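Chemist: So the chains spell out like this:
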Amino acid sequence: MAVNYSAKEEADGHPAGAGPGGGAATGGGGAVKTRKPDNTAFKQQRLPAWQPILTAGTVLPAFFIIGLIFIPIGIGIFVTSNNIREYEIDYTGIEPSSPCNKCLNVSWDSTPPCTCTINFTLEHSFESNVFMYYGLSNFYQNHRRYVKSRDDSQLNGDNSSLLNPSKECEPYRTNEDKPIAPCGAIANSMFNDTLELYHVENDTRTAITLIKKGIAWWTDKNVKFRNPTGDGNNLTALFQGTTKPVNWPKPVYMLDSEPDNNGFINEDFIVWMRTAALPTFRKLYRLIERKSNLQPTLQAGKYSLDITYNYPVHSFDGRKRMILSTISWMGGKNPFLGIAYITVGSICFFLGVVLLIIHHKYGNRNTSADIPN
Amino acid sequence: CNSSYCRNTDRTIYVGHREPPPGTEAYIPQRFPDNRIVSSKYTFWNFIPKNLFEQFRRIANFYFLIIFLVQLIIDTPTSPVTSGLPLLFVITVTAIKQGYEDWLRHKADNAMNQCPVHFIQHGKLVRKQSRKLRVGDIVMVKEDETFPCDLIFLSSSRGDGTCFVTTASLDGESSHKTHYAVQDTKAFHSEQEIDALHATIECEQPQPDLYNLLFLSKYLYFGMFIFCRPLGSENLLLRGATLKNTEKIFGVAIYTGMETKMALNYQSKSQKRSAVEKSMNVFLIVYLCILISKALINTVLKYVWQSEPFRDEPWYNQKTEPERKRNQFLQAFTDFLAFMVLFNYIIPVSMYVTVEMQKFLGSYFLTWDEEMFDEDTGEGPLVNTSDLNEELGQIEYVFTDKTGTLTENNMEFVECCIEGHVYIPHVICLGPFKGEELFFRALCLCHTVQVKDDDNVDGLKKSQLSRRSRIYISSSPDEVALVEGIQRFELLEVLSFDSVRRRMSVIVKSSTGDIFLFCKGADSSIFPRVKEGKIDQIRSRVERNAVEGLRTLCVAYKKLTAEEYSNAQKMLQNAKLALQDREKKLAEVYEKIERDFILLGATAVEDRLQEKAADTIEALQKAGIKVWVLTGDKMETAAATCYACKLFRRNTQILELTTKKIEEQSLHDVLFDLSKTVLRHSGSLTRDSLSGLSTDMQDYGLIIDGAALSLIMKPRQDGSSGNYRELFLEICRNCSAVLCCRMAPLQKAQIVKLIKLSKEHPITLAIGDGANDVSMILEAHVGIGIIGKEGRQAARNSDYAIPKFKHLKKMLLVHGHFYYVRISELVQYFFYKNVCFIFPQFLYQFFCGFSQQPLYDTAYLTLYNISFTSLPILLYSLMEQHVSADTLKREPSLDVAKNALLRWRAFIYWTFLGVFDAVVFFFGAYFLFDNTIVTSNGQMFGNWTFGTLVFTVLVFTVTLKLALDTHYWTWINHFMIWGSLLFYIVFSLLWGGIIWPFLNYQRMYYVFMQMLSSGPAWLGIILLITVSLLPDVLKKVLCRQLWPTATERIQVKIFFCVISF
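Residue numbers (full-length UniProt numbering), protein chains in the order written: chain U, 1 to 373; chain V, 1 to 1061.
Among these hints, one or two may not hold up.
When the alpha-carbon atoms are kept at most 25 Å apart in a straight line, the in silico SDA-like pairs for lysine to any residue are as follows [said to hold, decoys possible]: (1) V:Lys319 x U:Thr219; (2) V:Lys294 x U:Ser315; (3) U:Lys43 x V:Asp376; (4) V:Lys325 x U:Pro179.
To be clear, the hints were calculated from the coordinates, so they are not data collected in a lab. Fair warning: this is a prediction, and the values are worked out from it, not measured in the lab.
Here chain U stands alone, though its shape is the one from the complex (with noise of 0.2 Å):
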């Protein structure tokens, strides 16, 4: 449009300065100057410039150092991740056989809590610190629904939306005309299953220490995270006129007993909170860290799973796990990364061979063909 109007304006010499006395502007001669355009680099697009094209000659190269790389870094992806201990147990008590069949069915509301146990054995020992997570399948924490069904306002400590939670938390927003703190379907569904875990060795079950801090991200523990301000540090009183999650056995600030562990900054808490991406998904739970330097985190051996068994998944086909890992640099056991290192080296260090291949065999045809015109 623009173009449109003002070199048109030009061609005619619009009216706008053919006044009185402003009829001689318009005539050409005065202009002639103006008109004339700069002889700089960037207008007569002569600005100096790198000028690389891909062909095979210079793409070859880059392939085998691809190749070259990637391959050795695959390499050493592929033995770190199988350095890594890691031990799964699946506790959802599908089968009849299991432990913890009996609270296949459990509810919410059970009482007393079902609970069970379950005995395994570790073939190797865990040397490093020992990280446990708990893992469900087939949960959908990723669903529209239910990812954006939180107030983080109100998990900031905002004492405004504790009141008054946003309406993105409903159906778990209020309760008996009470607002929900924390409100959401979210928080409502947090994992409540306890786990312990136990050395058994000649019969005497020794309880492992289960670190249950540092298992959040430091920044959603002392910032995203904070309990509600006000009057003294009783976080009874500062959660007063809200209620519990419908699920929930007991309120938000009664989670832990320590008070940097409880109310909004509990870490069990705030791990749940960070919705996973895929339906089947694992979540830290507690570290085990290792005591001396003489004897390994986990010896090989006998242990034993104590489960207080709360969490329903049955009714939506879902499994519960309990796994134990090892980590390095790179995170736990993941095959994926150093296979596809390896694979992409390999692949590119092949294309560079079957490109040199094909630059001897046509490339002389075509510069020999080009070069003596």
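Go by the hints and put chain V onto chain U.
Modeler: Leaving out everything else, chain V in the frame of chain U:
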């Protein structure tokens, strides 16, 4: 005086608002607009609604508005901001641009409307603002002032009742034109006298036609005497023209404000759309179909998946009451819309903005080009529309005018032939013949030489001195002397020149009282009307001259008896008085008068070729562009020019399809003979090219004239009209060059249309410099005007105007080529990057229970097209040069013909590349995240980290893909590409680095930083980028190696040349 002329379709104007004497005619007051010029579109009040309405009339904007409204109404996955913000941005930018333009127009209008004008009111001079002028007001205009409206010229300060004007601002012709005051009023010199005038003017309702005569009739009342007087365009002074060499004039306003000829001519012409735009729209429809099918697939799958109640509503994720109660079908429809909204980014808002900006900014490179600036005229190229930039690189047919375009239109006298004797300048003549005197008399009488006053004369003395100090603008003093002889003759009538008759005549009365009619014109229009004279000798000379490429002009005369003259005068008067079909009637009268001539002789002038015309045509032909010359000239002259400018070569076999040939054989036979010749050859050509021996192929040139063309175009009686046309097209297709001579302006447009609508739908370009080329300039896909001598009409109606024909070479072969390559990459890349962007979202639906959960954060969804990936491609589309401009000029490569880069194959390749990349991004991230730990502290990532990882890979891949496609890396490219990647990182750090107080969610808090702290995420990003780019690199290298295109060969060649030096 016949009052039956007075009709509703005409307007009646009472000069000075004086009503006619009672009883003569019923006084019907007519309402006319005031003299306000309104070029602005909006007012302060209607700007917002009107502008919004205009903008949402564009389909794309409307589509985005609908999406935005859907987002507002239903519960959609992405916030309305994601599509509202870009839309708002686009709309605001456009509105600001248009508002600014309109403000400028308002300013110009106001300046115009408020400039002072002198009126006559009650015998006194009054100053008023121009906008207060009304139809019927008497206006005084002084020297160098512009006429404030269309005026009828009543009287001037010059004794002879003439004035001079320049119409430079109307049509660019800076020459002075003479206008004549109305005979009866030219003696009124004072305000009082003028004010006493009692007259009525009847004229046509306003029409935009600037050049054709408009008919006016005027009734004057002097006391009780009533008589009428015809008025013509010589009495009309147009708004926008400037008064020159005349102290002051009086005139009466007849058309004011928006009804002036100038205002009527501002109306914009019809929009032309480029082939790229058309394919872009087709692709859009394809993508719309993809979008709808994606949404449909997901909706259907969602309901299949949800048929198990535990999936639809597991205990942990219950619906609200209203959701449960909602009607199933309504719910399904809402879901469908929600999916549409989720995937709507596949049709990007920003593409339209970027394309517009690319065209707008890109066209500056054309106007900036130093090589296309003409030092002589001080003119550079003009871009009247930037919509067709890329079409310049797509041209397959060039239709060029000859005179003034291929040739300089700068006539040099070569020789004249009088009654069979040839005279050449600087050769001593043998002695005067009787015919000689008559011949030169004819030459000097039969034209309109311009007279100019000496400007240096002091104003007071001017009127006294003006007679003596006239300067004749003429090529030689001899001619001036001859012209001065005009005083011995009295000019009775001028039968002015027009391009249909191709001749002009004057009727003069000599001092002895004899009445002569002198006529000069093209030979074809003179010879049939000649009854005596040395016809054969002159004809052979004329033909010889024509073969040499000279322009010939024949001169003839006849003597009229007093009776014949009075007859002729009566007929002319009647025709001039006619209100309807005046031109037709005049033509008929001219036809009757101009006959039975006595041939005097012929002149020959040479019209030199434009510099580098031959070079340009050769280059265009080398680029595979077919060049057709369309001219009104005679065949021999035109053919000679064609040889001179290398359109026809020595080995070109000329095929003629002319009236002469058709007279010998029937049109049918001629056409079939020609097609046989051509087709036999083309048959052998394919065989030759198979055996690789097609080096010296025979090429054909076709010459056709206007009469033959109209025969071909005329539908046949039996209704099978298409037959000849097809045959003719078939012949043309096999000719390397075609010359159409003896063409009327409308026939030029016909030819262009014929080719344009032929079955290959080639892209056509018409280039010309004169008013007679306007029709073909408007008809062709791209119309180019030469800013030339025959006025600016062509340039004004064209899409692009260039100073010289030679500039066409760079314009088409370099600029057009670049524009096309750039914009096609722009379009394809935009679709590609949005497939990459949206397809992972589609895949993610399979893993989130078809719940329309977006993969990326709102900010990423919003900014992806606006800021993360928009600038590099915009810059690419402005700067890319895949081969250098010099190479393009030297070896015009043809890879872009027929919209090659936007064909389905290319489109499908890009789309599949996009899908492949999207699959790599998504499943790469999927396997990286699937049920495993990717941090070194054992903590887990959530869905937003997953999306951010995919998004990061996406932004890097599409940007690097563009980097791979860039062949011309200036520092600006480096800056933009690396800068936009850096911007993405900085933005992500910032976006995740703060708890944003105004947002009700903090989902991105520290997500990006946490991701960067993870080793596997880094490794994954690098791996996925490599894998995504690999196939494209491989395809590029293999294609270049095994099946190189012409462009690629040249690139390699230059590359190796550079290396070897």
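Chemist: Run the structure past the numbered hints and jot down the numbers of the failing ones, going up.
Modeler: As far as the earlier hints go, 1 and 2 are violated by this structure, in ascending order.
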